[in-house]
Structure formats: C-alpha cells, structure tokens
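> Order-wise, the sequence lines are chains R and X.
Start counting the first sequence at 1; every next residue gets the next number (our numbering).
Start counting the second sequence at 1; every next residue gets the next number (our numbering).
Hints were generated in silico from the structure; no laboratory data involved.
Take the hints with a grain of salt, since some may be wrong.
To give a feel for the contact side, a few chain R residues facing chain X, derived at Cβ under 10 Å [unchecked claim]: (1) Leu-171; (2) Ser-238; (3) Leu-241; (4) Leu-248; (5) Leu-262; (6) Arg-267.
Just so you know, these numbers come straight off a predicted model, no measurement behind them.
Quick reminder that beta carbons are idealized off the backbone N, C-alpha and C, glycines included.
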Amino acid sequence: MEQDLQQPINVEGEPLTVEQAIANLRQTADAGLRYYAAWWLGRFRVSEPAAVEALVIALEDESDRAPDGGYPLRRNAARALGKLGDRSVVPVLIRCLGCDDYYVREAAAQALESLGDPQAIPALRALLAGGIAAAMAVPGKPHLVQPYNAVLEALGTLGATDAVEDIAPFLEHDVAQVQNAATRALYQLTGDATYCDRLVDRLQEPNLQLRRSAMMDLGAIGYLPAAEAIAATLAENSLKLIALQGVLESHLRQFDFPGQALSDEARRVLVLMDELL
Amino acid sequence: MSCCRTGKAGVGATVAELVRAIEAADSKGAMVAAVHNLAATRDVAAIPALITVLGYNNPGAAVAAVDGLAALGSAAVPALLEQIDGYNYGARAWAIRALALIGDPRALPVLLETARGDFALSVRRAAARGLGTIRWALLPADQAAIAQSDVLDVLTQATADPEWVVRYAAVAGLQTLATDLVNPEKKPLILASLRRIFEHDETPAVQARARLALDTLEARP
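Given the sequences, and given the hints that come with them, work out the whole structure.
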C-alpha cells in the first residue's frame, strides 16, 4: 500500500529547511545525512543554485561506498538533478554515464531523459555499442551490463531519430522489459503505431510484472487507442489510473486543453478512469 | 469479472464446500479461482469468508471478494462495518472499496472519516468516490440533507489533497453529489468549486475531470 509523500523532515523527525538540507549535503562527516539530503532536495524540487552546486559535487563523491563498490550518494544526487530542471548539469550527468557503478549510470540516463537535452544523445547511444550480443547479464548481479531500459527510453524521449538502427535490434532482446523499452522508443521516434500494438499485446501476458511494465510504457508514450486495453488489464487500479493519466494528458496537450473543449476521446478516457477510482 | 474455471468444488457445491476450497487452495491462482466460485454463489452465507479473504494479501483474490461483496449489496454492509476496526491495513482498504461500491448510507461515517484522513492515497481515493455514489434515496430527506452537507465539506477539502488521484475522485464525487442534492441551493457552491479546480489545478487530468463535471451539470436545468 503506498504511503503519502512525507512532510519535509530530517532523519530525527524534525522539520528540515532548505538551508539545512544543503548544509547536510555539503558536510562529509555523516554519510546518512548527505544521502537523505540529496533525496530531499530532489523530492521538494529545490532548484536554487546552491542546491544544484552541492548535488553536482556529490556526483563526484568518493567517501560513501556500498558493499558492492557502488556510490549510493552519487545515485541519489543524479536522481535529484533529474528533477530540478537545470540543464547546466547535463555535461556532468553525461560523465556519470561512464561511472563504474551500474546504478549511477542508470540514474544518470533517467535524469538526462527528464532534463530533455538532446546533447546527451551521442553518449547515451554509445552505451548501446555491440548491440544485443553485448547486452548480457553481469554474472552474480540482477542486471545487464548497461542500464538498457533507461538508455532506450531516454533516446526515445530525446528524439534520437538517428539512433533508430541502433535501437531496433533490442526488440529481440531476451529480457521482455528491454523489448518494451525499445518498442516504446521506436514508436516515439517513428510514429509507427504497430510498435504500440506489440505493447498492447503484452497487456495479456500471464506475468504481472510484464503487464505492469507494458502498461506504464503505453501511459508514458500516451497511446490513446490503448486506453480500453489498459483499463481491462489485470493489474492494480492505482497503476492503471497513472497509465490512463499519461494517455489522457498526452491527448490533452495535442488538443490545446484547457483552451479548447474536451474531445470525445478525452471524455472516453475519463469515463474509464472513473470506473477505476 | 466473468471468468471461472470451476475447480474441484465448482458449480453445485455448497457454500461450506466452497469455503473449504479457499482454505485448501495451494497457490495464489487456485485461491483466486476458489474465491470467484464462492463470490459467484451470491449467497449471504458467503459474506464472512469473503471478508476474511480481504486480509490475505492476495490482490486477485481480494478483487474477487470485493466484487462478490459489492454484488450482495446492503446485505454485506453490517458485517463489513462491524469488522472494519479490526482489519489489518490492506483489508481495511479493500473493505472501504467494497463499501464505496455498495453505496449504502450506513457506511457514511466510515467513508467520511477515511476520505478526510487516511494515510494511503488509494484508500482516500476509494472513499471519495464512495461519498459520491451514496444511494441517498435510502435516507429520509432531512437526514440526507444533513449528511450531504458533511459530504460536501469533506469532498471540497479533498479537492486540495496533495495527490492528484484523490482530487480527481473528489471532483467525480462532487459531480454526482450535485445531481442528488436534497437542498439544490448548495449546487452553486459545487459549481464554484469545480470552476476553481478547472482553472487552477496543477494536474491536467484533474482539470479535465472538472471540465467534464461542469459540462454535465451545466447541460441540466
């Protein structure tokens, strides 16, 4: 059951101020305080220059190390920077795509997608090098050698039309979520709806995780013809509502809402959403 | 949901046999099928077992049980209300959903309390929806008028919830409340709230729901 988003508090339960969060991130004595401050600045979208600067410094942190050699603070800092909308950090996030830590690379790819700056395309595309032959699982780890889902999704969102030939082979990858990410990106880059129909077929998968993944992809790309199929999928209403929100809002943007009246299609999606409340 | 491969205890089985089939289910899938079979009896004797299933942390089974309880309607309400304080958290959320679908006014106090302050957004969402679908004709007009005033307050408060989906459900609830008002002089208040949401909500889906509510209400005399 999902919890509500927390009020701004520090780890002792005291209210946390922007100044204190930035100070917590800058100090180096307490790794826990830094980690929490990085998350907090992203959660509350504190985009003032001092926050951005402290987060950028945290991207180079060497002190907070996970047992697997990873960099927890860098991961949180990259995620936070993706939420702050400040494109001046794109070059440092691009450098993070070369970090040893898979999860830092994943967080950086997702942040670059959110920031929407096409300047990240060549570095993201480079992570697809070697195609699916190179896209193997890392022995002993629960992930592949690169964060392919995040990279493919970012390339789709950033409009990397030159990368279509690099992306297409991933439709045949063994991992279904990677196939979904490639499908979603190719639809965004080509406008060819047959890609979406592959995702709609996935809504019938016996595996709940795959149904959820396809549903969220359809919501993210805002594929209106999938609305009924999303509403009928066997999955949680909370997730179906988020996917339908994505479909609806993408349609509303195209129709210049709220300036224009509701279209019949928008009404249709609203009726579906009402049934899921 | 219209499925139902009938398992060992299928069509023709007694409620007691169907309840035993739930207890004997050896996988999540078998449990879902067994709960469907029990729900399909539409028998009030199935109510206690359907309520028990709400606490099993098996979403497929809980959905089937909620559908079964909702189909039994008002007959399921006393048992749902009687047990609601003893439920674990997940079960409480499902019970609220069942009560919201049934629309029996006896659930008003618990729906009002839940919409006002539950910590899980999916439960506030279901309660807000339920407040909009109360079957007011089951109450005498004077009582309905008082209760509607409480519902209007709580739904108006819910239109300022931090979660978009709760605000969305509150808008949907306000729309149905506006058409069922015992005191129609409250309608302009609802229309004013809906206009404010349409113009100012930060989430386009909520603005769109408010637009739909306004279009629907303004089309009526």
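> Look at each hint and say if it fits the structure.
Against the structure, the hints:
{"no.": "1", "hint": "Leu-171", "verdict": "30 Å, violated"}
{"no.": "2", "hint": "Ser-238", "verdict": "5 Å, holds"}
{"no.": "3", "hint": "Leu-241", "verdict": "6 Å, holds"}
{"no.": "4", "hint": "Leu-248", "verdict": "5 Å, holds"}
{"no.": "5", "hint": "Leu-262", "verdict": "5 Å, holds"}
{"no.": "6", "hint": "Arg-267", "verdict": "6 Å, holds"}
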